[in-house]
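Student: Here is what each chain is made of, one letter per residue.
There are 2 protein chains.
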Amino acid sequence: MVLKAIFFDIDDTLYDSSKLTAMARMNSIKAMIDSGLPEKDENKVYKILEGIIAKFGPNYGKHYDELLRELGLKWDPKIIAAGVVAYEHTKVGYLKPFPGVIPTLLELKKNYKIGVISNGLAVKQWEKLIGLGIHHFMDIVVTSEEVGVEKPDKKIFEHAINELGLLPTECVMVGDRLDTDIAGGKGVGMYTVRIKKGKRAAEKSGIENLPDYETSDFSELPGILEKIE
Amino acid sequence: MVLKAIFFDIDDTLYDSSKLTAMARMNSIKAMIDSGLPEKDENKVYKILEGIIAKFGPNYGKHYDELLRELGLKWDPKIIAAGVVAYEHTKVGYLKPFPGVIPTLLELKKNYKIGVISNGLAVKQWEKLIGLGIHHFMDIVVTSEEVGVEKPDKKIFEHAINELGLLPTECVMVGDRLDTDIAGGKGVGMYTVRIKKGKRAAEKSGIENLPDYETSDFSELPGILEKIE
Numbered sequence: 001m002v003l004k005a006i007f008f009d010i011d012d013t014l015y016d017s018s019k020l021t022a023m024a025r026m027n028s029i030k031a032m033i034d035s036g037l038p039e040k041d042e043n044k045v046y047k048i049l050e051g052i053i054a055k056f057g058p059n060y061g062k063h064y065d066e067l068l069r070e071l072g073l074k075w076d077p078k079i080i081a082a083g084v085v086a087y088e089h090t091k092v093g094y095l096k097p098f099p100g101v102i103p104t105l106l107e108l109k110k111n112y113k114i115g116v117i118s119n120g121l122a123v124k125q126w127e128k129l130i131g132l133g134i135h136h137f138m139d140i141v142v143t144s145e146e147v148g149v150e151k152p153d154k155k156i157f158e159h160a161i162n163e164l165g166l167l168p169t170e171c172v173m174v175g176d177r178l179d180t181d182i183a184g185g186k187g188v189g190m191y192t193v194r195i196k197k198g199k200r201a202a203e204k205s206g207i208e209n210l211p212d213y214e215t216s217d218f219s220e221l222p223g224i225l226e227k228i229e
Numbered sequence: 001m002v003l004k005a006i007f008f009d010i011d012d013t014l015y016d017s018s019k020l021t022a023m024a025r026m027n028s029i030k031a032m033i034d035s036g037l038p039e040k041d042e043n044k045v046y047k048i049l050e051g052i053i054a055k056f057g058p059n060y061g062k063h064y065d066e067l068l069r070e071l072g073l074k075w076d077p078k079i080i081a082a083g084v085v086a087y088e089h090t091k092v093g094y095l096k097p098f099p100g101v102i103p104t105l106l107e108l109k110k111n112y113k114i115g116v117i118s119n120g121l122a123v124k125q126w127e128k129l130i131g132l133g134i135h136h137f138m139d140i141v142v143t144s145e146e147v148g149v150e151k152p153d154k155k156i157f158e159h160a161i162n163e164l165g166l167l168p169t170e171c172v173m174v175g176d177r178l179d180t181d182i183a184g185g186k187g188v189g190m191y192t193v194r195i196k197k198g199k200r201a202a203e204k205s206g207i208e209n210l211p212d213y214e215t216s217d218f219s220e221l222p223g224i225l226e227k228i229e
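Chains as they are written, first to last, in the numbering used here: chain L, 1 to 229; chain X, 1 to 229.
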């Protein structure tokens, strides 16, 4: 065996983050309308909310406060709470791994170390792994919060590889994003596998972010690793 | 009809807050142990966690960070996230009204305005009402965050009564706490009904906090209000 460790991105690689986020946002808007939000056009509110999240970042705690402000309404804790509860309930109910993820991880676990390299807050990313029921599979989880730089920065990949005492050529980076997972993994000399899932599934790769392999079916991963071996 | 409005406390009055909190904390501790917390004595950890919540307040966002510190352990996002997820899942799954609450509110709604007077953060208290499925019953919700003082301060009761344009003698305060709900309601001249539920069910009342009526069964409320009428 040449390979020793397989690293994964989380969002849109291990679960359908794009769909879950879209569902949770739309459910939060429906609940806010049900609790008295005077603007009843769901799609209009969705666009404004998307803009707020883009502007303030996904971990800002006051998206719905800002939404009321942008709609010219006064602060209303009932409407805000309705949005929060609907978002949380959607997350708890629908956070499930992509088909094939758990059997594949079980299979890979026999021969490889399993890790995560993720941009985001450490506790938030662990919450996702726990909600997905795959936290016990992980030999190592590296987040940008802890390392201080984000993918595609070389340092975050090197940190993960060094923690396991390996060489880049003994590692594979698996992810959906060409600009972060694939470009970053290639940049330090890891093998790369692109998962064509989520909102970026149709993106075209250039020279600097051309993955070694790509698939839209997680279950094909063991076969791909055999080819690399 | 003499009475016009019935005001309720939330925690341990409309739902079993004491039991839910205890269950959620214990589930969070079990999950943290499952995710590698080296201290395996659940009851010992529970006591430390209780102390932290008493010291920092229930709305402090870093209880589990503090728990690791008090146990002399280094910060561990996996353990913290395990606690957070178990706490949230317990809350989503077990937040239900006491037996009799919804049929009783439906009954009362025919003749009275229904309100809440609650110590706490407005969004958090609305989240509870929404999770309980009773937010649409409420004609008015008054929180200490919005008024700037907590029960038993007269101002929070007067604020609620004035918002509905009523006299204190047209209102009833229903709650589990003698020191806040009953003493406060009496203090402004409202009728008071004590709900003997939760961890304070066995407390004895003195002269200043003697309720007009008390019951451990929410369904008895319409009969009690008839007696007041």
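Hint data in this document are derived by calculation from the structure and do not stem from the laboratory.
Any given hint might turn out to be false.
Identical chains share a label here; the pair holds if one copy fits it or two copies do between them.
To be verified - Here are the computed lysine-lysine pairs in the DSS-like style, where the Cα-Cα straight-line distance is at most 30 angstroms:
#1 K30 / K204
#2 K155 / K44
#3 K40 / K109
#4 K124 / K91
#5 K40 / K110
#6 K55 / K124
#7 K113 / K96
#8 K30 / K110
#9 K40 / K74
#10 K155 / K74
#11 K4 / K124
#12 K19 / K124
#13 K109 / K44
#14 K154 / K30
#15 K196 / K110
#16 K62 / K110
#17 K62 / K44
#18 K4 / K74
#19 K74 / K204
#20 K4 / K55
#21 K47 / K124
#22 K227 / K30
#23 K74 / K154
#24 K124 / K44
Student: Determine for every hint whether it applies to the structure shown.
Tutor: Structure-based check of each hint:
1. K30 / K204: neither (35 angstroms within a copy, 46 angstroms between copies)
2. K155 / K44: neither (40 angstroms within a copy, 40 angstroms between copies)
3. K40 / K109: between (49 angstroms within a copy, 27 angstroms between copies)
4. K124 / K91: Both, since 13 angstroms and 18 angstroms are each at most 30 angstroms.
5. K40 / K110: between (52 angstroms within a copy, 29 angstroms between copies)
6. K55 / K124: both (19 angstroms within a copy, 25 angstroms between copies)
7. K113 / K96: within (22 angstroms within a copy, 43 angstroms between copies)
8. K30 / K110: Classified as between: cross-chain Cα gap 28 angstroms, same-chain 45 angstroms, threshold 30 angstroms.
9. K40 / K74: within (16 angstroms within a copy, 48 angstroms between copies)
10. K155 / K74: Cα proximity of K155 and K74: across copies only (23 angstroms, versus 45 angstroms in one copy).
11. K4 / K124: Close inside one copy (27 angstroms), not across copies (47 angstroms); limit 30 angstroms.
12. K19 / K124: both (18 angstroms within a copy, 27 angstroms between copies)
13. K109 / K44: neither (45 angstroms within a copy, 35 angstroms between copies)
14. K154 / K30: neither (42 angstroms within a copy, 37 angstroms between copies)
15. K196 / K110: For K196 and K110, only the intra-copy Cα distance (25 angstroms) is at most 30 angstroms; the inter-copy one is 56 angstroms.
16. K62 / K110: neither (44 angstroms within a copy, 37 angstroms between copies)
17. K62 / K44: within (19 angstroms within a copy, 36 angstroms between copies)
18. K4 / K74: between (56 angstroms within a copy, 28 angstroms between copies)
19. K74 / K204: neither (44 angstroms within a copy, 43 angstroms between copies)
20. K4 / K55: neither (40 angstroms within a copy, 47 angstroms between copies)
21. K47 / K124: So K47 and K124 pass the 30 angstroms test inside a copy (25 angstroms) and across (26 angstroms) alike.
22. K227 / K30: neither (48 angstroms within a copy, 42 angstroms between copies)
23. K74 / K154: Result: close only across copies, 26 angstroms inter versus 46 angstroms intra.
24. K124 / K44: Cα proximity of K124 and K44: in one copy and across copies (29 angstroms, 27 angstroms).
Checked against the numbered hints above, the structure breaks hints 1, 2, 13, 14, 16, 19, 20, 22 and satisfies the rest.
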